[in-house]
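Numbering (our numbering), first residue to last: 8 to 292.
Think of the hints as simulated: they come from the structure by calculation, not from any bench. Zero decoy hints are in this set.
Only pairs whose alpha carbons sit at most 20 Å apart, straight line, appear in this in silico PhoX-like list of lysine-lysine:
#	residue 1	residue 2
1	220	259
2	248	220
3	219	248
Quick list of the computed label-pair ranges, beta carbon to beta carbon:
#	residue 1	residue 2	range
4	56	84	21 to 29 Å
5	45	213	33 to 41 Å
6	56	231	33 to 41 Å
7	90	174	47 to 55 Å
8	216	153	45 to 53 Å
9	220	45	37 to 45 Å
10	263	164	16 to 24 Å
11	64	249	21 to 29 Å
12	151	42	44 to 52 Å
13	231	265	15 to 23 Å
14	174	10	44 to 52 Å
C-beta atoms are modelled at their ideal positions from N, C-alpha and C, and glycine is treated no differently.
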Amino acid sequence: MAGKVRIVTDSAADIPAEVRERLGISVVPCKVIFGEETYLDTVTIEIEQFYEKLAQSPSLPTTSQPSPMDFSDVYQRLLAEDANAPILSIHLSAALSGTYQSAVIAQSMIEEKADITVIDSKSASYGYGRRVVRAAEMAQAGEAVERIIEEVERLEKNTELYFLVESLDYLQKGGRIGKASAFIGSILNIKPILSLDPEGVVQAVDKVRGSKKAMQRIVDLLAQSFGDEPVHATMAWSYHKETAEELGELIKSRFNVQSMDKARIGSTIGTHTGPGTSAVFMHRL
8 MAGKVRIVTD
18 SAADIPAEVR
28 ERLGISVVPC
38 KVIFGEETYL
48 DTVTIEIEQF
58 YEKLAQSPSL
68 PTTSQPSPMD
78 FSDVYQRLLA
88 EDANAPILSI
98 HLSAALSGTY
108 QSAVIAQSMI
118 EEKADITVID
128 SKSASYGYGR
138 RVVRAAEMAQ
148 AGEAVERIIE
158 EVERLEKNTE
168 LYFLVESLDY
178 LQKGGRIGKA
188 SAFIGSILNI
198 KPILSLDPEG
208 VVQAVDKVRG
218 SKKAMQRIVD
228 LLAQSFGDEP
238 VHATMAWSYH
248 KETAEELGEL
258 IKSRFNVQSM
268 DKARIGSTIG
278 THTGPGTSAV
288 FMHRL
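Full structure from sequences and hints, please.
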């Protein structure tokens, strides 16, 4: 008889610590590298420490995905606890990182011993962190793995995310956008409204001048998809929360928001977007 489904993700999902602990979510940390120093995201470096180091560092940090062995160790630990429990492992977009591929390799190393499903979220941060949380809630309620996967896939199809960055330099230096785009944006105070395409690649949806207009444009874009449908929204920010809070108020005044929560953008995603990032993740209920 199958045991209760175990949920695994990586630290780029930006799930708050208290939520991870309450729902029993196993998190494999990504690595954040400042010069010669390597840290494990959420393990040996916390969010506040990361942004303090980012502000002081003479050069930008880099990131590295967990190794297949990192995933294998977690899978083996869960199997030791309950060999009959299916494992559902949901990860950062394969278009942005090798994290998903590491999980797939780990799965292939032990596939004869366990029921392991690895999912490429094609998303980032709480864009898939919310799916992980929902999966864990269902797992705690004793739902079958097939039903949980159906819900994860439903959320993927019904979630939209938009984010704003204070500076395009981080995305440019990380290879996510071109140098010319970053230069023009900084000179003209142009705020690109960013999202992820269906394959999980960063894309500019629109460009407006100034934060206020950018926030209103995000509301307009979300309205095209959700109208007056009941929705859940998550507001997220990296270091400064004012823009995210202001955007959250706009969203609450415009949409049929049944629930709203908050998340911090952690070290892995923050390395590539910078300290001035604000984001909204919304899905229909």
